[in-house]
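The listed protein sequences correspond, in order, to chains U and L. Following our numbering, the numbering of the first sequence begins with 37 at its first residue and continues without gaps. Following our numbering, the numbering of the second sequence begins with 7 at its first residue and continues without gaps.
The hints are simulated quantities; they were obtained by calculation from the structure and are not laboratory data. These numbers come from a predicted model, not from an experiment. A virtual CB, placed ideally from N, CA and C, is assigned to each residue, including glycine. It cannot be assumed that every hint is accurate.
Claimed, not checked - Distance windows between CB atoms, simulated:
1. L/L10 to U/P423: 26 to 36 Å
2. L/M131 to U/A416: 37 to 47 Å
3. U/E740 to L/R95: 51 to 61 Å
4. U/Q262 to L/C42: 52 to 62 Å
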Amino acid sequence: MEKKIGAYLCSGCGIGEALDFKALEGVVTKEFKKPVKSHECLCGEAGLAVIKADMEAGEVTLPVIGACSPRVMTDRFMFPGMTPIRANLREQVIWSHPAGDEDTQMLGEDVLRMFMTQATKVNTPVPYTEGEFSTTILVVGGGFAGLTAAREAVKAGHDVLLVEKKATLGGHAASWSAIVPSKPPYHDPESNPLPKLIEEVKASSAIRLVTGATVTKTSGMPGKFQVELSHGSTHTVGAIVLATGFRPYDATKLSHLGYGASPDVVTNVEMEAKLSAGKVHTHAGAAPKSVAFIQCAGSRDPNHLPYCSSVCCSVSLKQAIQLTKADPDVMVYVIYEEMRTPGVTEEFYRAAQEAGVIFMKGRASKVEGRHGITVTVADALLQQDVPLGPLDMVVLATGMVPNSTDPDAPAQEYGAELLNADINPYPTEGDYKPAASVPPGGSLLNLQYRQGPHLPMLADGFSDSHYICFPYETRRTGIYACGPVRRPMDMGEAHEDAMGAVLKAIQVIRNAAEGMAVHPRAGDLSYPKINLNACTKCRRCTVECPFGAIDEDEKDYPVVNPTRCRRCGTCMGACPVRTISFDNYTVEMLSSMVKAVNIPDEFDEKPRILIIACENDAYPALDMAGIAGHQYSSFVRILPVRCLGSMSALLISDALSVGYDGVVLMGCKPGDDYQCHFVKGSAMAKERLSKISDTLKSMQLEVERVTMVDASIADSARLPKVIDELVAKINAVGPNPFKGF
Amino acid sequence: MNALSPTPSRAYDLNFARYVYENIDGGERLRMCMQCGACSGSCPIGQQMDHGPRKLFMMIRAGMKEAVLTSNTIWNCVSCYNCVVRCPRKVPITYILHDLANLAVREGFDAAKKADNARFAKAFMWSARKYGRTDERLVTGIYYFSFGLVEGMKRGMGNQKIALNMIKTKRMHLGMPHAIKAKDELQKILAKAQEIQDRHGKGA
């Protein structure tokens with residue numbers, strides 16, 4: 037079908053009063069030779085009817101709507117089978133610049149030029165829907181989180197393949213005597229839900245159980261993962277839920293807390309076993325009369341686990357309550373530095389106080405004696421060293437180590453260096469400097485990916501990407517982590533986590549089958565296409581992809597796995613020969629949009645500064661600046677990009693060569709505490725920017741002309757000031773000598 | 007020494023704390039104390055205390071019985087109830103301090119017997135029992151002379167001017183002490199209170 041572009045300008049919301057519409061219409065008709073219609077309320081029924089009538093008559097197939105921001109009125113400007121191009125004349129023109137001003141008018145016209153140009157360059161995306169797509173969910177791990185995930189996936193109508201390494205189901209939690217309460221009034225330990233859950237899972241015909249097996253190989257992509265199990269069978273699954281859980285921290289490393297020196301110094305896991313067995317006995321066989329819990333045993337300690345495992349406080353509360361309930365005479369002490377009771381576990385802390393448990397704030401500095409143990413406590417509340425004892429038992433509240441690798445499998449050399457680079461690519465400046473290293477053991481899924489067999493991890497070894505913004509995401513699309521492999525959590529949280537990961541798995545299964553992207557560009561039908569004739573096999577796309585979506589074939593050419601792709605365009609920005617493109621997003625399109633702007637000559641004293649803005653945070657923040665009425669220089673031209681990672685360095689040289697006086701990259705914060713929606717897109721942009729100074733020097737241009745600004749969604753008040761400062765700074769450098777060439 | 011409460015032999019022996027939980031007025035809420043320190047921070051005379059209430063409560067848990075019962079904290083509380091109002095865990099701190107003072111006296115701690123407020127309270131109760139009201143001359147007299155003859159004279163003389171002014175403004179009178187009408191009724195009330203206290207083993 038032939039593409040027919042038509043522009044529709046809205047004069048509502050004050051746009052008509054602030055801008056000269058005759059001139060705007062002239063841009064469309066004279067410069068682009070396209071039809072244009074203006075309406076006083078385009079988003080109203082009458083306005084929409086104008087567009088729809090033209091579309092139904094076949095006169096227009098791609099409307100360009102010059103009105104409000106593309107982030108608003110999306111439901112109104114939604115037409116069957118296509119997405120209109122939106123030129124933002126409201127938030128980023130008339131709301132952030134003075135009305136009736138010459139510069140505002142020039143800005144409005146340039147915005148229209150940019151998006152009319154975009155319309156001429158985009159093609160309707162053809163989605164990837166080749167072959168069969170599986171709807172089965174593979175759940176790796178048969179502990180509480182895995183079993184819950186399996187059960188919930190079946191409830192939602194999916195078949196499940198559940199793989200458990202051990203011969204029996206239930207994992208660690210199967211042996212817990214009772215669990216931390218997850219229901220109001222959060223006062224008493226709850227009975228262990230595992231036996232019932234195991235029965236339910238075993239009884240379900242939609243769950244195929246494989247125990248005593250591990251995953252030996254995973255290839256493919258969402259909707260068509262090929263999985264090989266250790267006992268030889270192969271399966272096709274649509275998505276993978278990773279619920280491999282945790283292992284308790286190795287207490288033999290805690291000899292400074294008496295572990296090993298006395299049989300009555302036990303870990304919380306060993307205590308749980310004693311509680312499960314019935315009556316708690318000391319090594320000598322007597323019922324303990326005084327028991328101390330030492331919190332943070334090996335946790336929040338740079339020599340052991342640098343992080344807080346979040347559950348150990350609640351577990352000690354539970355065990356202390358269980359001990360006092362069994363024998364009201366027993367003296368129970370909890371030695372803590374900070375009592376951490378996430379969620380409503382505070383109520384459980386009160387319950388322990390009611391039961392008479394004594395909480396001693398301070399650090400246990402020494403644990404001595406084999407029987408009648410004495411713990412020396414630097415008591416912060418009494419401000420003195422207190423010898424606590426003789427104690428019959430000491431319980432070390434040890435933390436959780438994520439099973440993000442299989443500790444029983446041999447370590448794989450291949451991929452470790454890639455993972456290492458991924459764990460902590462940009463160490464922060466602060467005190468917290470975790471050593472980035474691959475945890476011991478083999479990979480869990482043995483991914484046959486260019487970027488290695490491991491799932492990427494956070495610095496502490498947890499398989500997640502961002503706790504807050506994208507929970508469950510492992511940075512490998514279609515593989516979602518839940519439970520303590522993702523972050524330390526109790527069973528109440530693991531229950532919710534399992535459901536969350538299953539929902540993500542279902543999303544990816546459904547979207548992949550229709551060729552649509554998942555979060556954050558959910559629904560995007562485009563995917564990267566590589567012209568291999570021009571490819572130089574430089575491998576930058578295969579290495580830089582934040583999601584490991586691009587593999588290499590036997591001839592070292594890149595191979596895109598479309599359903600792994602998140603459509604950020606980092607590959608497109610990385611490609612030095614501009615041979616990677618999307619149907620509706622190309623370097624050429626961006627470059628043409630940049631060049632569509634009218635650049636006044638240097639005597640006009642009207643500089644032009646290009647802002648390349650990430651559409652996830654920077655662009656909406658600029659919209660909000662307009663909504664709040666913050667004004668900023670009308671010399672800037674804003675180019676939205678999917679992610680700063682998709683910004684090719686060539687775009688900057690293109691802009692400078694046509695006479696822009698400066699370029700500002702506005703994107704999410706990169707680094708260890710990144711806010712980038714595509715994990716490392718903005719980090720890649722920063723990396724590319726660091727290398728651009730040579731290009732600038734070769735063009736005889738000042739390095740100050742190109743800057744990068746971190747922008748967050750909350751920066752609407754700050755960005756206008758930043759823009760004005762940068763405009764002043766670039767102005768001070770003087771006009772770009774390339775103007776007029 | 008007349009030990010009513012168990013004396014711990016080691017740090018954090020909970021026998022004394024448990025006695026306090028069960029026998030001291032308001033003590034059952036004490037186990038809920040979370041050591042936030044709102045009480046000590048709110049106390050207008052915390053500066054005049056050996057330990058603030060927060061630390062005193064931790065000392066109870068730590069089994070520091072003697073240090074608790076000989077501290078001046080339990081005597082210096084002025085019952086302003088700032089701490090009680092502010093305690094996030096609803097610990098009736100004032101009651102607990104007063105009843106700990108009571109316990110200290112009953113256990114015969116020297117420091118308790120000799121505490122300023124203990125002497126005054128004793129003189130006050132004597133007058134209240136005898137006349138049903140306080141007689142300023144006799145109460146101050148008994149209180150002053152509890153420090154000994156010389157000290158009593160010295161304190162009495164020191165307050166001469168105040169006493170004369172009080173007489174002038176009819177806040178104090180010369181002659182026989184006034185008594186209330188139904189003195190026997192009051193004594194019955196006091197006897198009943200004593201009976202309740204003995205029965206429950208708690209003050210008030």
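So, going through the hints one by one against the coordinates:
1. L/L10 to U/P423: 26 to 36 Å: Since the Cβ atoms of L/L10 and U/P423 sit about 27 Å apart, the hinted range of 26 to 36 Å holds.
2. L/M131 to U/A416: 37 to 47 Å: With Cβ atoms ~41 Å apart, the hint holds.
3. U/E740 to L/R95: 51 to 61 Å: Roughly 60 Å apart at Cβ, these two residues keep to the hinted range, so it holds.
4. U/Q262 to L/C42: 52 to 62 Å: Given about 58 Å between the Cβ atoms, the range holds.
Hint violations for this structure: none, all hints satisfied.
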